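K.L.:
Sequence:
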Amino acid sequence: MERDPVAIHATAVRPTPRAPQPQPQRAGNGWGVRLLDLLDEVGPVPPVTAFLGRAEDGGPLLLRLVNPEVAHVLVAGSGTGGAGALMRAIAISLALRNRQAWLQVVLLDLRGQSFTPLAALPHLLLPIVQDADRATDALEWLVETMQARRGRKETLPHIVIFVDELAELVNGAGQRAAVALHRLLQHGHEAGIHLIAATQRPAAPALSTLLHGHFPVRLVGRLTSAEEAQAATGRAQSGAEQIHGYGEFIAVAAGRMTRFQAAGWMLEAGV
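Going by our numbering, the sequence shown opens with residue 9, and the numbers climb by one from there.
Keep in mind the hints are simulated off the structure, nothing from the lab.
Please read these numbers as outputs of a predicted model, since none were measured by experiment.
One should not assume that every hint holds.
Unchecked claim - Quick list of simulated restraints, FRET-style, between CB atoms:
# : residue 1 : residue 2 : range
1 : E64       : R158      : 35 to 45 angstroms
2 : R267      : P55       : 37 to 47 angstroms
3 : P213      : R160      : 31 to 41 angstroms
4 : P55       : H195      : 15 to 25 angstroms
For each residue, glycine too, the CB sits at the ideal point set by N, CA and C.
Please construct the entire structure, taking both the sequences and the accompanying hints into account.
P.N.:
Encoded structure:
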């Protein structure tokens, strides 16, 4: 069942819960929403649907990456904002609900700590990449893959690229990385390739061009200034700089905002 446009403007799937669920609560040092509980609660969902957490009304909030109104996702949050933890939960939910024939995953871990727990995922198209130059090589290969897929009629697995940290990738590899990212953001969705990129520095000058109009969905956690909040959400006075952290996020899409509590894997700490 598609959710009405109040939250993510028809980009989210909001299935009917199997039983009444409590309102999301923030734990003192981590998440009050367990990913495994959401997975157990929700029935079948369309392929390549990511689990985000619970909206303010307590209902599960899911995101269909194949929806053209989604395509690519920015995740922003600093310190205890929990961007890395949310990225892990999204990746795990996709892997647990999609066969390898439907989904392949690329992990570009420039922080060197975000995706280590996911190293054994069978969906990995490449080993985890932690170097900016090698990550850029992978992006350029994915651009070639995107071009090779054009015009092909057979069903191919969707490829989801996770990047953490986006600013570090662009600063480390320069124009090569920026060009490859730009091409994937422009045309990747048409070839079944989706980018989910995290940053703690959305106002970094290196990201200004990439962020402008290229991420239809933005999941924004705690940020340290109104400038960063505006860069991350794409709108003024979003209030994202006032979020407490520890898994509290605002989902922004089609000019609409929805507050939600992110799902955490094993109620992990917000890193």
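K.L.:
Hint by hint, say whether it matches the structure.
P.N.:
Comparing the hints with the structure gives:
1. A C-beta distance of roughly 41 angstroms is found between E64 and R158, which places it inside the suggested range of 35 to 45 angstroms.
2. Checked against the given bound of 37 to 47 angstroms, the beta carbons of R267 and P55, roughly 27 angstroms apart, lie outside it.
3. In this structure the supplied range 31 to 41 angstroms holds for P213 paired with R160, their Cβ-Cβ distance being about 38 angstroms.
4. Against the hinted window of 15 to 25 angstroms, the Cβ-Cβ separation of P55 and H195 comes to about 21 angstroms, which satisfies the hint.
Of the numbered hints listed earlier, the single one contradicted by the structure is hint 2.
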